[in-house]
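Visitor: With these hints in hand, go ahead and build the complete structure from the sequences.
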Amino acid sequence: MSKIIENDQASISRRILDAFRLDPLLMLFLFLLSGFGFLILFSASGSNIDLMLRQLTRLGVAVFLMVLVANISLRLLKKMSLVIYLVGVLLLIAVMGFGEVGKGAQRWLDFGFIRFQPSEFMKLAMPMMVASYLSEKVLPVGWKDLLISAALVGVPVLLIARQPDLGTALLVGSAGFFVLFLAGVRWKIFMVLGLLASLMAPLLWKFALHDYQRGRILTLLDPESDPLGSGYHIIQSKIAIGSGGVYGKGWLNGTQSQLDFLPERSTDFIFSVFGEEFGLFGSVLLVILYLLIIYRGLYISACSKDTYGRLLAGALSLTFFVYLFVNTGMVTGLLPVVGVPLPLVSYGGTSMVTLMVGFGMIMAIRSAKRFLA
Amino acid sequence: MAYREQLKDDYQETRLVQRRLIVAAVIVLVLMSIVLGRLYVLQVVEHDHFSTLSNSNRVRLKALPPTRGLIYDRNGIVLADNLPAYRLEIIREEVEELDKTLEGLKQLVEISDLDVKKFNLASKRRRPFESVPLLFNLSDDEVARLAVNLHQFQGVEINARLTRNYPLGKHAVHALGYVARIDERDLNSVDEANYAGTTHIGKLGLEKFYEGELHGEVGYQRVEVNASGRTLRVLDEKPPLPGNNLHLTIDSALQQLAEDLFADERGSVVAVDPNNGEILALVSMPSFDPNLFVKGISSAKYSELRDSSQQPLFNRALTGQYPPGSTTKPFFGLAGLEYNIMGPKQTVYCGGYYLLPNEERKYRDWKKQGHGKMDLDGAITQSCDVYFYDLSYSLGIDRMSVFMKQFGFGQRTGVDSTGERPGLMPSRGWKRGARGQPWYPGETLITGIGQGYMLVTPIQLASATGALALQGTRYKPHLVKTIEYPADSMELETVPEVSGVYNIKKLLNWQHVVKAMENVVHNIRGTAFRISKGLTYKIAGKTGTAQVFGIAQDEEYDEENVSKKLRDHALFVGFAPAEEPKIAMAVIVENGGHGSSTAAPIARKMMDAYLLRYNATHEPVPNE
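Going line by line, the protein sequences match chains H and X. Once you know that position 215 of the first sequence is 214 in numbering that gives the first Met the number 0, the rest is easy, because the numbers rise by one and skip nothing. Once you know that position 349 of the second sequence is 348 in numbering that gives the first Met the number 0, the rest is easy, because the numbers rise by one and skip nothing.
Please keep in mind that the hints were generated in silico from the structure rather than gathered at the bench. If you're wondering where the values come from, they're calculated on a predicted model, not measured in any experiment.
Straight-line Cα separation of at most 25 Å, DMTMM-like style, residue types lysine to aspartate or glutamate; simulated pairs:
#1 H/Lys-143 with X/Glu-12
#2 H/Lys-77 with X/Asp-8
#3 H/Lys-304 with X/Glu-12
#4 H/Lys-136 with X/Asp-8
#5 H/Lys-304 with X/Asp-9
#6 X/Lys-237 with X/Glu-191
#7 X/Lys-361 with X/Glu-442
#8 H/Lys-78 with X/Glu-12
#9 X/Lys-604 with X/Asp-263
#10 X/Lys-207 with X/Glu-490
Guide: Following this line, the structure appears as structure tokens:
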């Protein structure tokens, strides 16, 4: 008894977190990441206080929604999956008809009071749907379920890719894929799919990709071929990161970023600013922080006693990893330029809300585990 | 299968998902390790490379053009300086559509195709963020009109830059030359790095000859720029070294006097100090305003100057080649004495013409009725042609040619300017080589009176006259007296250079010739006697009249009826004071008629101006 009292006195914050059904470790990591995020956003935006306040407001909204979702019971979440998924698909179809055109792509729905990106919504709806479908089946999945799941994944992904929004299509697709992967689709099938994909690749190259998408891939292979056009981003990003060295040029001292050489530096290329100003040392630290978040998510998934929760938490964590990998791969010139932000650090509200709601689900899954235990 | 569907094995499923989660965790680790490896390569292995790229991104060199050296006359009067002038400049990087911008600007100010062409050429040498001048020397009116509308044109600016200015305009332009905008040809002859930022270069005359001294050394500013090329701060700076200043031998007042004396006439005067070769005046008339070329002359204005019958662009002093006429007579007279052809008192009878043996053609004297018995003194004083026909016949063209070349005829003097021509001293060998024809005896005769093939430039004639004055020592004429190096605060004086020395065989021979030249002015029979009135010093001179067009054997030259363009050129050479020469000069008035009436008076007035003032400043001030 005395031990419990001691504990309670030792961590009031722990009790508050428990009351809101929040995971303390995950909260700590997310808090640290947001701190890093604001630090570097301040530098990348050229000490723009207004922009910082806007981002802070978004974070507030995102955290609020996260807490809200964390308190939804897992059972309800599972029940809502199908409805959310269907609404998402309908919205995607709607976007094709009435969507706003921005930056050459049709991605937004304008409801007057709020502009809404259904594809973003799909990042959550997709793993929920597939997880809820497969959790009712015997695992590992058989051919029939596999094909149905593949259709569940394929339809929205194609709709998003057509907008065209390669980055989101990739994220939504991988969210669905991860559920299938965790649900134990046989390695043989992955091999067959992989083989098929590599056979399809030339056809996709020719018919499915837009010119600018092909250009981005070509640019990756040889950025110097177009140093002022599409290669400019990659070249300047590599210069920024490379010139940062081991310890970096120091906060607010990155010449590449402060003197405007680096494009998109508060959004997709914010990692380059980080690399320039904090060097390898800072970058490794940031990557470790991301890995801690991902592994915490995977751990929660592994501990879950419920198949739906297990699949959903795992898929969400791995999707979070895809953000990280695609973004860092892009800015270091390993992957083509795809519009994927650095999660929770890049300026912009939509992905931040989606991600935090995702973490809210993971926390709901963690609480559910405790309930069952 | 049916059985399996019925029975969900929770334990098996948990194990399955957990295995997959472990696989996923491993894949995550592997992929992130690749990213971290990549970061290591970029930030550690290739750090130096990217560091360099980063610096070359942000640090740029900005050229600071040096201030061009000034040009002064011998008394410190400024002949060329630099004035801030407004220029219209364009930074191409900031201009979205150059054609549209140019069209818009054309509504406000006059922009010729040539301006655009030169702008495009200059653009190639500058980086896109550097400003390139389009128009120079904007007038106040143009500046006002542009300034009001400048906000409409991104990347267009008006800047005040130091630009070459010739404050006295047309004055001494053929000595100075001028600068104009650099063109492609100029770039091949200079160190391009040193001319980064320089817009003008010496094109002619001293400005071209002393380009290396006048230009100076370019300076650099290392500046930090942002991605759009805008300068944020200066990191460090190496200031430009200004060009060196030239102090000329030209006496601006004397030069001005000559220019005034010519009024509307065409011609040239070169006055030198025979004791050191300093050029006191280098006049070629008419003249033109060199400032036009600095600003960028319009093609209409340029063709007007180029095609004018007065030929203002033609530098007569260095490139005008004229028949010397009778101004050669003192030289040939001296040759006669030196080769022992004709003694000083030996006479020739002049009956108004001369006949070669076995020839019917009459070689006329300018005086129809003849001069009678003429010795050397009389022949020079009265400019008797027959005496020199006879003398030349005995000398022969080859000896004449060899002798005259020792006074610099037929060769460039090597003056420190551009475009000088060599003139022509004919000989048998020359004619065979150049014309493929044999030399005819008659051609020897007319060479003896400075006609025929022989051609001289005014500077040659002045230099040769100086050699007569100094009894054989011929100094190389030069325009620059001292070069001032402001950076090292030191001056370098030009050391007079002897181009040639004629070693006389009999010292007395000089006196015979000089005495005769004095008589040209001071003897009542002298052809230039009219200028002797009121002289306080002695002038030794010789008039000359050069035929511009030939008259047929039986025709007579009638000055009244010959159009101005075909009238004879009037010449005068001379030096003064005769006993202790301080100035030697050659005057040519194109189509001026007789040397005595137009050329000689110019010489007299200039000598007065130079010598009397010279005495006034150099003699001790009398005690009060």
